[in-house]
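J.: 1 is the number of the first residue of the sequence shown in our numbering; add one for each residue after it.
Mixed in with the good hints, there may be bad ones.
[Unchecked claim] Cut-off 25 angstroms, straight-line C-alpha distance, at most; resulting in silico cross-link-like pairs (SDA-like, lysine to any residue):
#, residue 1, residue 2
1, K117, K192
2, K134, I158
3, K60, E82
4, K51, T61
5, K108, G180
6, K105, G148
7, K192, A132
8, K105, K134
9, K51, A19
10, K195, P136
11, K54, A88
12, K60, I29
13, K51, I29
14, K54, K117
[As the list claims (entries may be wrong)] Label pairs and their in silico Cβ distance ranges:
#, residue 1, residue 2, range
15, R226, K195, 27 to 35 angstroms
16, P25, T146, 24 to 32 angstroms
17, R131, R157, 14 to 22 angstroms
18, A63, D118, 23 to 31 angstroms
19, R226, T146, 18 to 26 angstroms
20, K54, R185, 22 to 30 angstroms
21, G180, K51, 21 to 29 angstroms
22, Y178, I29, 39 to 47 angstroms
23, S149, K54, 21 to 29 angstroms
24, R212, G180, 16 to 24 angstroms
25, D175, G34, 42 to 50 angstroms
26, G20, K51, 18 to 26 angstroms
27, G148, P25, 38 to 46 angstroms
In short, the hints are calculated from the structure, not lab data.
Where is the CB? At the ideal position from N, CA and C, for every residue including glycine.
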Amino acid sequence: MMDIIKTAGHNGAFLAPLAGISDLPFRLIARSLGCSLAYTEMISANGLIRKTAKTYEYLKTCADDRPLGAQIFGADPEIMAEAARIVADHGVDLIDINMGCPVRKVIKAGAGAILMKDPDRIARIVDAVKRAVKIPVTVKIRSGWTRGSINAVEIARIVEDCGADAITVHARTADQGYSGHADWRIIAGVKKALKIQVIGNGDIRQPQDAVRMLQETSCDAVMVGRGS
Numbered sequence: 001m002m003d004i005i006k007t008a009g010h011n012g013a014f015l016a017p018l019a020g021i022s023d024l025p026f027r028l029i030a031r032s033l034g035c036s037l038a039y040t041e042m043i044s045a046n047g048l049i050r051k052t053a054k055t056y057e058y059l060k061t062c063a064d065d066r067p068l069g070a071q072i073f074g075a076d077p078e079i080m081a082e083a084a085r086i087v088a089d090h091g092v093d094l095i096d097i098n099m100g101c102p103v104r105k106v107i108k109a110g111a112g113a114i115l116m117k118d119p120d121r122i123a124r125i126v127d128a129v130k131r132a133v134k135i136p137v138t139v140k141i142r143s144g145w146t147r148g149s150i151n152a153v154e155i156a157r158i159v160e161d162c163g164a165d166a167i168t169v170h171a172r173t174a175d176q177g178y179s180g181h182a183d184w185r186i187i188a189g190v191k192k193a194l195k196i197q198v199i200g201n202g203d204i205r206q207p208q209d210a211v212r213m214l215q216e217t218s219c220d221a222v223m224v225g226r227g228s
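Use the sequences and the hints to build the structure in full.
T.: Here it is as structure tokens:
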């Protein structure tokens, strides 16, 4: 089990993978303001396998863009494993598996947050990616698919059992999208249940929010998304 916080360096303030936003220039700005670990935009595993030029643009980086995590998404364990190998060969420091995106296009492809409904597939994906690379592997999940089917602790335990080095919990359900309030009690529950490091995400819009999340959930680090 890798110490993700140690890998990140000086603090536990991470920049979330933000589609259309967290490109190289944005990541460098965030780092100059104290971000200790940043992620690429969400990268399609299928796009990597097909060698789509636009997909590879997301992997652009530089010496100052470290440590860097690359987030990949997909539904097929073998394709995800091959995509992870491609990303690792580009020299990133860790790989994150997206299991929390609620966007319809991603969901229709069987990826992102809809995986919260398929624990067996989650296990196969995490196991395949973990076996494919030597760098740390993390997973980003939601509280559950709907507010009536909260299963973050169950999924987090599966992720841990399959060898993931850390997990990020966005404390909203998929059906909430990005609306409403994040329920930080979900993060606290996952932290209590797991031995691996837990990164909290959701409703961090100012420094005081980050401090409060750390205090209320005992999570190991915070990931800032739209509030960045």
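J.: Look at each hint and say if it fits the structure.
T.: Checked hints:
no. : hint                            : in the structure
1   : K117 / K192                     : holds, 22 angstroms
2   : K134 / I158                     : holds, 20 angstroms
3   : K60 / E82                       : holds, 19 angstroms
4   : K51 / T61                       : holds, 18 angstroms
5   : K108 / G180                     : holds, 23 angstroms
6   : K105 / G148                     : holds, 23 angstroms
7   : K192 / A132                     : violated, 29 angstroms
8   : K105 / K134                     : violated, 30 angstroms
9   : K51 / A19                       : holds, 19 angstroms
10  : K195 / P136                     : holds, 16 angstroms
11  : K54 / A88                       : holds, 18 angstroms
12  : K60 / I29                       : holds, 15 angstroms
13  : K51 / I29                       : violated, 29 angstroms
14  : K54 / K117                      : violated, 30 angstroms
15  : R226 / K195: 27 to 35 angstroms : holds, 30 angstroms
16  : P25 / T146: 24 to 32 angstroms  : violated, 37 angstroms
17  : R131 / R157: 14 to 22 angstroms : holds, 19 angstroms
18  : A63 / D118: 23 to 31 angstroms  : violated, 39 angstroms
19  : R226 / T146: 18 to 26 angstroms : holds, 22 angstroms
20  : K54 / R185: 22 to 30 angstroms  : violated, 39 angstroms
21  : G180 / K51: 21 to 29 angstroms  : violated, 39 angstroms
22  : Y178 / I29: 39 to 47 angstroms  : violated, 22 angstroms
23  : S149 / K54: 21 to 29 angstroms  : violated, 34 angstroms
24  : R212 / G180: 16 to 24 angstroms : holds, 18 angstroms
25  : D175 / G34: 42 to 50 angstroms  : violated, 33 angstroms
26  : G20 / K51: 18 to 26 angstroms   : holds, 22 angstroms
27  : G148 / P25: 38 to 46 angstroms  : holds, 41 angstroms
Checked against the numbered hints given earlier, the structure breaks hints 7, 8, 13, 14, 16, 18, 20, 21, 22, 23, 25 and satisfies all the rest.
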